[in-house]
Amino acid sequence: MKKNIPGFITLFAVLALILSACGNQPTATPEPVTAVSPDQVVAEGRLEPIHGANLFFQARGVVEEVLVTAGDAVKAGDVLLRLTNAGGAEAEVVIAQNAYDTLLRNESGDRAKLWQAYMDVQIARADAEKEWDDLNVDNIEDTIDDRKATVEDRQEDLKDAQEDFDKYKDLDEDNSKRKDAEDDLERAQEDLNEALRNLEKETRERDEVRAAYDDALAAEAEAKHQYEISLDGPNAEQLALAKANLDAAKDTLSNYVITAPFDGVVADVNVKVGEQVTTETRAVSVADFSQWIIETTDVTELEVVKLIEGQPVKLIPDALPDLTLNGTITEISQAFTQQGGDILYTVRITVKNPDLRLKWGMTVEATFQ
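For the sequence shown, the positions run 1334 to 1702 when our numbering is used.
Watch out, some of these pointers could steer you wrong.
[Unchecked claim] SDA-like cross-link-like pairs, simulated, lysine to any residue; straight-line CA separation at most 20 Å: (1) Lys-1647 <-> Asn-1659; (2) Lys-1557 <-> Gln-1449; (3) Lys-1512 <-> Glu-1535; (4) Lys-1647 <-> Lys-1685; (5) Lys-1685 <-> Leu-1635; (6) Lys-1512 <-> Gln-1522; (7) Lys-1692 <-> Lys-1557; (8) Lys-1583 <-> Arg-1393; (9) Lys-1639 <-> Val-1599; (10) Lys-1647 <-> Asp-1372; (11) Lys-1557 <-> Asp-1453; (12) Lys-1605 <-> Val-1395.
[Unchecked claim] Simulated restraints, written as ranges between beta carbons of each label pair: (13) Asp-1580 <-> Val-1606: 25 to 33 Å; (14) Asn-1418 <-> Thr-1700: 51 to 59 Å; (15) Leu-1468 <-> Asp-1507: 35 to 43 Å.
FYI, nobody ran anything at the bench for these hints, they're computed from the structure.
Note that beta-carbon positions come from the ideal geometry of N, C-alpha and C, so glycine has one too.
Please put together the full structure from these sequences, using the hints given.
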């Protein structure tokens, strides 16, 4: 049999051309690998606004008003949402505020009234003092002593009359001796009663004037005290009570109303008008996006000792690998958490060159320089 030499040569030539073409292909250049120093710390973190808050009602109820939408700018204290039962609490705040303001507003007028009251009781005290001074107390007390002696005599007379009556009390009621003794007993009792009335009259003549004088002195002292404390401003006790009532009313209102805790932007509204909510229902989220910070989630005890405040950090968001941000360590937590056997510390980093594409909660790789 004859061999097919030309066919074999042709096949060999084709294979040679293929191998030659493969050999002429350019060699792929490997991507450079960034070297990480053994002392360099790389950590994961989460992007947070400088201020951010998820807000909840402090009482159960039905949403009456939603006054903001996502993206709205708000100022600290702005009312964002209200429950249906907020109206009554707001009325209590108005009443308490008016009472507090009235105390402050009427300070000078109240002081003038207190001064006039002080002058009035001074006059009343002077009158009572004159009446007491004009009273001849020595003569009255001598008369009182005489009246006391008379009372003692009448008590002895009554005792004698009682003893005389006791001798005849068992006789017939029509017996003359019994009747005479009974009449003497009644007269002795009447004489004693009269003597007691005279003693009380003389005693009152002295004591009533003295009591009126003592009352006038006490009223003058109290009026003077009230006027003097008014010189330091509104009555401290009344003002403190009014302030306490106002604070309590505001605390009650805060259960039914959500206000912005700081200047910022509404990030999200999670409730609708008419919705039933509880204290566990997130109602609205507010943030201040003027500055971003990053909080690390996995810096260990072996790594944290290599970090100091003010240290520069290179930041790359996982969702934006083409974006490199610069930052600085602003705080290293002194407290730790434990996770899977690791002791972790939170490091807070301030972002120096924020990007408009950044979003709350994004994960970031932080390389500490």
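*So which of those numbered hints doesn't the model satisfy?*
3, 5, 7, 9, 15
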